[in-house]
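Each chain is listed here by its residues.
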Amino acid sequence: MKTNQYANVIETHKVKPKIVKNMADSFFFGGLFGLVGQIIVWINTNVFQLDEGLSVTYMIIVMILAGSLLTGLGIYDKFGQIAKAGALVPISGFANSLTSAALEGKSEGVFLGIASNMFKLAGAVLVFAVMSGFFFGIIRYLLVQIGIAPALDHETVAFIIGGCLL
Amino acid sequence: MKEKGASFKLNHVYLESTATVVGAMEMNGPLSSYFDIRNPDPYFGKKSWEQAETAMSELAILKAMVNAGVTAEDVDFAFGGDLVNQLVPTHYAMREFDIPFIGTYSACATVVESLILASTFVDHDYATRALAFSSSHNNMAEKQFRTPVEYGAAKGATAQYTATGAGVGIVSQKPSAVKIESATIGIIVDAEQNNPSDMGTAMAPAAAHTISTHLKEMGLAPDHYDLILTGDLASVGSPILIDLLKQDGYDISGIHQDCGLLLYDDEQPTFAGGSGAGCCSIVMFGYIAEKLRRKELKNVLVVATGALLNATIVAQKESIPGIAHAIALSSAEVKGGEAE
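Residue numbers (my numbering), protein chains in the order written: chain G, 503 to 668; chain V, 115 to 454.
Here chain G stands alone, though its shape is the one from the complex:
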């Protein structure tokens, strides 16, 4: 039977998610990721003498590698339980979603398992990233046309596209 006769009792026992604590955890650990990223950028610029663009690009690569490695070692999911969205939103979280899905598919082989499972979770992120890029591009184009936003030079556009491809 389908019934809502139990709704009253169920309602009195509803467990409320700890939104404030979750947000605070996410903010703190997400910020920690940002700090680590910033340190890597600093090392890239000051120790390896890279220019600003390359420093950021290499930092992203390092974060992706670290996210994937920690996923494979079984650490990232435990960290995610503590860091909440702070572990999911940074680029290492994106790497985690790819790597964890790939690992899960391993037992079904390279093609049907790893390759076809890899974007099971990340696919939605990509779809929305591409779609929002398209719509915000249109908005920006219109703003440039009516003279509110400045037009970008080719170098900046190439840098943004490079970043997106990563």
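Rather than coming from a laboratory, the hints here were simulated on the basis of the structure. Computed from a predicted structure; not experimentally measured. Each residue gets a CB set at the ideal place from its N, CA and C atoms; glycine is no exception. Be careful, since some hints might not be right.
To be verified - DEER-style ranges, computed between Cβ atoms:
hint, chain 1, residue 1, chain 2, residue 2, range
1, G, 631, V, 429, 17 to 23 Å
2, V, 126, G, 514, 40 to 46 Å
3, G, 514, V, 368, 17 to 23 Å
4, V, 425, G, 560, 36 to 42 Å
Use these hints to put chain V onto chain G, whose structure you have.
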């Protein structure tokens, strides 16, 4: 014979032997010493979660037959299931035994469903010996119902941890220290819950309905039992069950326990508690059966609870139905091979 209703008495069915196989989290929990085989390797030496769970079931079935001193030829029928699509672990485990077999599914209530069927076959002389089992594997359940095992999304307080374990019970008419008294088959109760991370709430109404039906139809007061054990309502569903039964005039707060809460201690990261088709199975066949043998418990009503969750249909905005099956076990005196 019953006239009408969901409950019936079983007259001469006994638990001949039991066996349990568990994984790392369960062997580190408070009930560890009650389990027969404990293996910290989540793969059980195999290459996939599916194969690992198959290996667990196979091992548990073998161990139960060894404990009873019988071989597959002596077992007339087997009833069992798990949580995986098409009952993969169960079917591939049963491939190794030439026992006439029926696959069962009622999510985490599978073990009691199987045990009711096995007991009924034995009670009505369709079988002299029948086997009932169920299993679940944490990583297998994550893969099928949730996200990849290593995915970093945090789980909320109402989420439950699917137990890694397989439990087997062999029933026969041969008197033993654990007698199977009666059973109640549940109806599907859908309380319009749709949060797949909160199964306790989805299952509690079904458990309340089955317990209430059982007590009413068998004409018993709750205190006939020294323990009413639910399958996996955990910390979220248990208080709901107690409140719902109070509305029906039954106070079970002093005698209720939940397998999902017994299986792990508070230090273990199981959120609201344990769940899964193996959860009730290993607690009933491991812990409860032993307690009955030692006469530390006299009458126990095991109410396995199942949330009939399917990720696809929930994404289609359907609610999650629940079901609960109950079986009453008692500790029997064995004198010279004859039960009292």
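Next on the checklist: Tell me the hint numbers this structure goes against, listed in increasing order.
Outcome noted: When the structure is compared with the hints, none of them turns out to be violated.
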